[in-house]
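*Asks:* Read off the chains here:
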Amino acid sequence: MTDGTTSRAATADRTADDTPAARVVDLVKDFSGGVRAMDGITFDIPRGELTSIIGPSGCGKTTTLKIIAGLVEATSGRVEVNGVQVAGPGPDRAFVFQDFALMPWATVLRNAAFGLELRGVPRKEREEIAKEYVGKVGLARFENSYPHQLSGGMRQRVGLARALAVDADILLMDEPFASVDEQIRRRFQEDLLRLLSDEKKTVLFVTHSIEEAVYVSDQVVILTRGPSRVSKVVRPGVDRSGGSDSIRRSPEYLDWVEQIWSELQSYLET
Amino acid sequence: MTLRGHRIPSGFSLLVWFVVWEVVGRLELVSLIPPFTDVIVALVEVVPSSTFIEAVTVTLQAFAIGMVLALVVGIGVGIAMGRNRTVGSVMGMWVNIFESSPLTAVVPALMALLGFGLPTMVVTVFLFSVWVIALDTQVGVQRVNPSLVEMGRSFGASRRVLYTQIIFRAALPELLAGIRLGLIRGLKGVIIGQLLIAVVGVGYLFELYSRSFLMPEFWALLIVLFTFAFLASEAVAYFERMVSFYASSR
Amino acid sequence: MTVAATTVASRVGRTAAVTGRGARNPWVLRVGSILLVLALWEWGGTAGVSIAFPKCSETLAAFAAMVADGTFAAAYAETAGPLFVGVLLTGVGGVLAGLVMGLSPRAEWMGLPLFIVLQASPSAAIVPLITFVYGIGFAAKVFAVVLLAAPVIVLNSYRGIAHTPRSLLEMSNAFLASRWQRVWKIVIPAGSGLIFAGLRLGLAQGFTGAVLAELIITPTGVGDLITYNRSVADYPRMFAAILSIILVASVSVTVLQRLEQRLFRPEMRLA
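Residue numbers (the working numbering), protein chains in the order written: chain H, 1 to 270; chain U, 1001 to 1250; chain F, 2001 to 2271.
Be a bit skeptical, because a hint or two may be false.
To be verified - Across the chosen pairs, the derived CB separations fall in these ranges:
#  : chain 1 : residue 1 : chain 2 : residue 2 : range
1  : F       : V2133     : U       : L1208     : 17 to 23 Å
2  : H       : R123      : F       : P2219     : 52 to 58 Å
3  : U       : L1029     : F       : F2138     : 19 to 25 Å
4  : F       : I2051     : U       : A1064     : 26 to 32 Å
5  : U       : P1119     : F       : Y2228     : 22 to 28 Å
6  : F       : G2070     : H       : K124      : 54 to 60 Å
7  : U       : N1084     : F       : L2247     : 25 to 31 Å
8  : U       : V1030     : F       : V2067     : 39 to 45 Å
9  : U       : P1119     : F       : W2184     : 51 to 57 Å
10 : F       : W2184     : H       : K232      : 44 to 50 Å
11 : H       : V35       : U       : F1245     : 21 to 27 Å
12 : U       : P1146     : F       : G2032     : 25 to 31 Å
Stated by the list, open to error - Taking lysine-lysine and the BS3-like style, the derived pairs with C-alpha atoms no more than 30 Å apart in a straight line are:
#  : chain 1 : residue 1 : chain 2 : residue 2
13 : F       : K2185     : H       : K131
14 : H       : K136      : F       : K2185
15 : H       : K200      : H       : K131
16 : H       : K232      : H       : K200
17 : H       : K136      : H       : K200
18 : H       : K124      : F       : K2185
19 : H       : K136      : H       : K124
20 : H       : K124      : H       : K200
Simulated from the structure, these hints should not be mistaken for lab results. All residues carry an ideal CB built from backbone N, CA and C; glycine is no exception.
The whole structure should be built from the sequences, with the hints applied where relevant.
*Replies:* As structure tokens, then:
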């Protein structure tokens, strides 16, 4: 557990759209036992866009995400948010956990308001804000339910509402749809995109599904096998004006999936 | 816990407590507590004495017989409870009632019925330990993956093989945990039994020492029993650890 | 850790019995088994197994009489005092001790081996000594209760606090919880199931301590009922007294167990 502080002198200039919301430079992570997970990861996270990280199992995607979130310490390298180096968790980043991390003894509303509660936001105010986001993720009727009464997908939405409620610049999502049913997963991807365009957030998303990455992302960062580096950064630029089904059948989409797949294949074989 | 960068394993804190004991004793803060070193001296003197050996033998005899009975009955009933829902439901009520009762209260009745000797002590040990053994065995057997049993049947395993080779082994981690707890309770049972009977075994010795205010001897005896309980439970824990490697993948 | 957790889980998750899946109500069979036992008891008593083995009917008659003439009321009033005070003191003190041990590595290092040893030891042997320090009064009996209940309460509280799910700790870190917030809002609520289980087990041990004190230190309350009636060879009343304490103890502990399952079960399922 890191007790981190953000070294932000003044609010960074956020209006300049061409400065990346965040960047990682030369991240290296060694684990005890001499295992080197990442060997110099560098990439930018453009503001207002959805960037996903993809790579073979064990390449350190989640570790990278957690280092950016400030939950894990890098062995060397740095993380910058809005141009300022950060070393621990901060109000500028919010995390969505793969296993939901909901408090089983608290209602949906309280869970969603938890980030605000920790900040000392008064009860009435934080419940109002949480209510709004719980509604936005489609769980308005379940405000007073408990996590054990919800399905996996619903629990994940609570986690998302919690992350949105604290109004951080950057949303970090760790394989958010891994524990969700296949049928619901597609719905969630679309819902997420809609939500994010409304909220105008910058998102960093870890996934092991290439299709998911191509479907939702503006930018895809491909990592090599561990000890990993950035293999390639691609911008699929899928035209989303058509319906979702047509997108998933479009040649462009399928080409990108194929491309990234073969890129990853080359690492799996060595 | 680290001291100047070196990690000290947790058991060593007991040494610190022994030092505290020594200090409390030397300063005569509590009349009951003699210096630790005096206790050690008494330990060395008392243990080889014939009264001591006789008392301990009587105690261990009762303990061993009672435990064997408790193991046989407890494991048997536990398996039955685990395999058959009806048995589990009915027996479960009884086992739970007695598991959480102060069975100490039954000892006077045993004394009236069975006298002041070995039978009472054996039954006391049995009554103190059998319930937790049965309950943990039940849990262990219930946790056995049904697929394992089906697999055994599909390969034509006889009932005997099914129970000994598959079910028993799969339930072993919980079973051993239950046995470990049963040992501790059984030992408490034999001590309590002897404290109440007061004329046999270590209970007699405790009575003797406390009456004559031979505190170092009293604590020495207590340490011997504590150590025995600890070693017995660690021995079972050792076996538990040996089988726990497959506990999570059942 | 897996097996220790299993044992603790088996203690906590243990319902009064596994309910049968069939249409048959388990209580029919259970009541049936009670009647069977009572019948065997009656037969055993009549057959004269021992002069000290009263018939079931005699015992139940004595039981009813003791309820009616207030013997039980008086006895339990006496026993309840030290039991209640002892369990309360141990509950508060023990949970705090477990809390401190769970949160502070140094306290854990100092305290855990000690309590593990105390838990395994036959500390009942110390009960006769108590009189030297506390005499034969209320304090002595409270001490006996505390002595027997403390290790299990402390150890269960410790386990509840020390084994907070890592996922929740990480989440609280991500949302910038201070140390105090983390303890108060995550660690303690997450551990409250085990803490409560410890209190339940502590109550059961407390009963043992109270009875032991009354049998060994000073004849009062229920312990005295047992010893006195044995000394005058009134076995029906003696057995009735024993029966009563078994019933009182198991009912209290079962009530707590049901409460525990209602309050904490959904969490266990989630965990």
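*Asks:* Does each hint fit the structure? Answer for all of them.
*Replies:* Here is how each hint holds up against the structure:
no., hint, result
1, F:V2133 x U:L1208: 17 to 23 Å, "holds, 19 Å"
2, H:R123 x F:P2219: 52 to 58 Å, "holds, 56 Å"
3, U:L1029 x F:F2138: 19 to 25 Å, "holds, 23 Å"
4, F:I2051 x U:A1064: 26 to 32 Å, "holds, 30 Å"
5, U:P1119 x F:Y2228: 22 to 28 Å, "holds, 24 Å"
6, F:G2070 x H:K124: 54 to 60 Å, "holds, 55 Å"
7, U:N1084 x F:L2247: 25 to 31 Å, "holds, 27 Å"
8, U:V1030 x F:V2067: 39 to 45 Å, "holds, 43 Å"
9, U:P1119 x F:W2184: 51 to 57 Å, "holds, 55 Å"
10, F:W2184 x H:K232: 44 to 50 Å, "holds, 47 Å"
11, H:V35 x U:F1245: 21 to 27 Å, "holds, 23 Å"
12, U:P1146 x F:G2032: 25 to 31 Å, "holds, 29 Å"
13, F:K2185 x H:K131, "holds, 21 Å"
14, H:K136 x F:K2185, "holds, 26 Å"
15, H:K200 x H:K131, "holds, 19 Å"
16, H:K232 x H:K200, "holds, 26 Å"
17, H:K136 x H:K200, "holds, 14 Å"
18, H:K124 x F:K2185, "holds, 18 Å"
19, H:K136 x H:K124, "holds, 19 Å"
20, H:K124 x H:K200, "holds, 26 Å"
The structure agrees with every numbered hint stated previously.
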